[in-house]
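Peer 1: Residue numbers (this note's numbering), protein chains in the order written: chain W, 1 to 271; chain C, 1 to 271.
Everything labelled a hint here was simulated from the structure, so no lab data went into it.
Fair warning: there could be bad hints in the mix.
Note that identical chains are pooled: a pair holds if it fits in a single copy or bridges any two copies.
DSSO-like cross-link-like pairs, simulated, lysine-lysine; straight-line CA separation at most 30 Å [as the list claims (entries may be wrong)]:
hint: 1; residue 1: K45; residue 2: K197
hint: 2; residue 1: K267; residue 2: K197
hint: 3; residue 1: K144; residue 2: K195
hint: 4; residue 1: K144; residue 2: K45
hint: 5; residue 1: K85; residue 2: K45
hint: 6; residue 1: K216; residue 2: K144
If you want the building blocks of each chain, they are given just below.
2 protein chains.
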Amino acid sequence: MRRSVFFISDGTGITAETLGRSLLAQFDHVVFDEQTIPYVDSSDKAWEAVRMIDTAACEQGRPIVIDTIVNSELRRIISHAHAFKLDVFEAFVGQLESELSTASSQAVGTSHSMDAQPDYAARIDAVHFALDNDDGARTRYYDKADLILIGVSRSGKTPTSLYMALQFGVHVANYPLTEDDFEETELPAALRPFKKKLFGLTIEPGRLAVIRRERKPDGRYASLTQCETEIRAARSIYVRENIPFIDSTHLSIEEISTRILAAIGIKRRPA
Amino acid sequence: MRRSVFFISDGTGITAETLGRSLLAQFDHVVFDEQTIPYVDSSDKAWEAVRMIDTAACEQGRPIVIDTIVNSELRRIISHAHAFKLDVFEAFVGQLESELSTASSQAVGTSHSMDAQPDYAARIDAVHFALDNDDGARTRYYDKADLILIGVSRSGKTPTSLYMALQFGVHVANYPLTEDDFEETELPAALRPFKKKLFGLTIEPGRLAVIRRERKPDGRYASLTQCETEIRAARSIYVRENIPFIDSTHLSIEEISTRILAAIGIKRRPA
Chain W
1 MRRSVFFISD
11 GTGITAETLG
21 RSLLAQFDHV
31 VFDEQTIPYV
41 DSSDKAWEAV
51 RMIDTAACEQ
61 GRPIVIDTIV
71 NSELRRIISH
81 AHAFKLDVFE
91 AFVGQLESEL
101 STASSQAVGT
111 SHSMDAQPDY
121 AARIDAVHFA
131 LDNDDGARTR
141 YYDKADLILI
151 GVSRSGKTPT
161 SLYMALQFGV
171 HVANYPLTED
181 DFEETELPAA
191 LRPFKKKLFG
201 LTIEPGRLAV
211 IRRERKPDGR
221 YASLTQCETE
231 IRAARSIYVR
241 ENIPFIDSTH
251 LSIEEISTRI
261 LAAIGIKRRP
271 A
Chain C
1 MRRSVFFISD
11 GTGITAETLG
21 RSLLAQFDHV
31 VFDEQTIPYV
41 DSSDKAWEAV
51 RMIDTAACEQ
61 GRPIVIDTIV
71 NSELRRIISH
81 AHAFKLDVFE
91 AFVGQLESEL
101 STASSQAVGT
111 SHSMDAQPDY
121 AARIDAVHFA
131 LDNDDGARTR
141 YYDKADLILI
151 GVSRSGKTPT
161 SLYMALQFGV
171 HVANYPLTED
181 DFEETELPAA
191 LRPFKKKLFG
201 LTIEPGRLAV
211 IRRERKPDGR
221 YASLTQCETE
231 IRAARSIYVR
241 ENIPFIDSTH
251 LSIEEISTRI
261 LAAIGIKRRP
271 A
């Protein structure tokens, strides 16, 4: 079974997509052909969206429309489309207005704008922090880190650091554990003063070998034996030093990030 | 006016946060004290959440709860809390079930898991592509880029590239325009073969000076005159070469990214 889906918004469309995909993930035996129409902020653009929906309706049965448009006039136009429509603001904003005993501002496209994000500059700052303190390149700013991720090469440190910075404004450094570190009986000197900020990543050796092979197909680096040895050594550091750690093998970056933040109790900053 | 808000989820909590902040952004005269409780996937954790909500209720009046828990038994527990509750799945999943004439899977925490993201590996791949092709460090993979962002130093290229990669799985390289490039009457040689992939960023000189000063407080780099000169030169390249561009001054990364993708018609991959 196939269905066309339209995520329609007067802003970035990120809220409509995020909510919509969450809901549609509950119907795993339906294939959804998704399309996002962002910045629908005029009646012309709303009518253009209606035309796109109606065209899809001719091809594949009634489309599903998930709509986060704030302006009720534009929503009214969208409702002319031949579609099954989930109207997010209609469903919830009225309820919130009565609960808060106040009218909503009906402001368009606000939720992912800079103005709606008091900590916006902090997120950008966090991205630069993550880049500057990526892969152990620099360790002298570790005192400013909220968190230092450690793990073997390609265990997921960099994408996780960047996601935490972009989404949650958390300052994350990351440090790769290498063979030099495994031979020591102590933590690497750069990490020792910041033991409380450390969080380890581990991963199944087979999965790591696949990831490394994409990067460097040949040589010891991507061999299963090497991956096994490194991961075993990294885990024994975590256990020896009592460092919390998480297995990234079956988790998305979103899951790794949110589980770590929940585990260490760092407050997420608004994204 | 202040209100406590709880975003509660059986997964990462990202959907609850994204939707919730969208809705709350419509009430700009209320201060919301936000808290996310992710991974509420057992009755113990649900009761623990109820306790947290009730504690907040004692301190600050009835909290608002935005709940994306799938399991109806856990939702029932949450509804014991003394709170005003927006129940996302109750509002929409039933409607979708009738529209699709099929039952939902009631699967917990699926929407931000790897399994729900067929293009998950593509997103990670895109992050590494963005890092490897950041700041003009390497130009030999430009043939593999979906898009090449150009602009002066600190105009927002790197955070935008990373966001597009993480959120949409788009392969974005970026190339800094410098004084060497401004003296030429042609595009930089590395960019010339890929003119159709170029997108320019511009920014108000005053804003750029502020951003640069945070990085390097002294010297010509952060001076207003220097910023003005560089931005004027970059803009004249965009105009001369007919390269589309966007002013990043008042836009968030989310807005810059989604506007660029909409302008050039690159399809977003699921995030």
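Peer 1: All the hints need checking, so say for each whether the structure fits it.
Peer 2: Status of the hints after comparison with the structure:
no.	hint	result
1	K45 to K197	between (49 Å within a copy, 26 Å between copies)
2	K267 to K197	within (14 Å within a copy, 39 Å between copies)
3	K144 to K195	within (14 Å within a copy, 41 Å between copies)
4	K144 to K45	neither (46 Å within a copy, 33 Å between copies)
5	K85 to K45	within (17 Å within a copy, 34 Å between copies)
6	K216 to K144	between (33 Å within a copy, 18 Å between copies)
Consistency note: the structure conflicts with earlier hint 4 alone.
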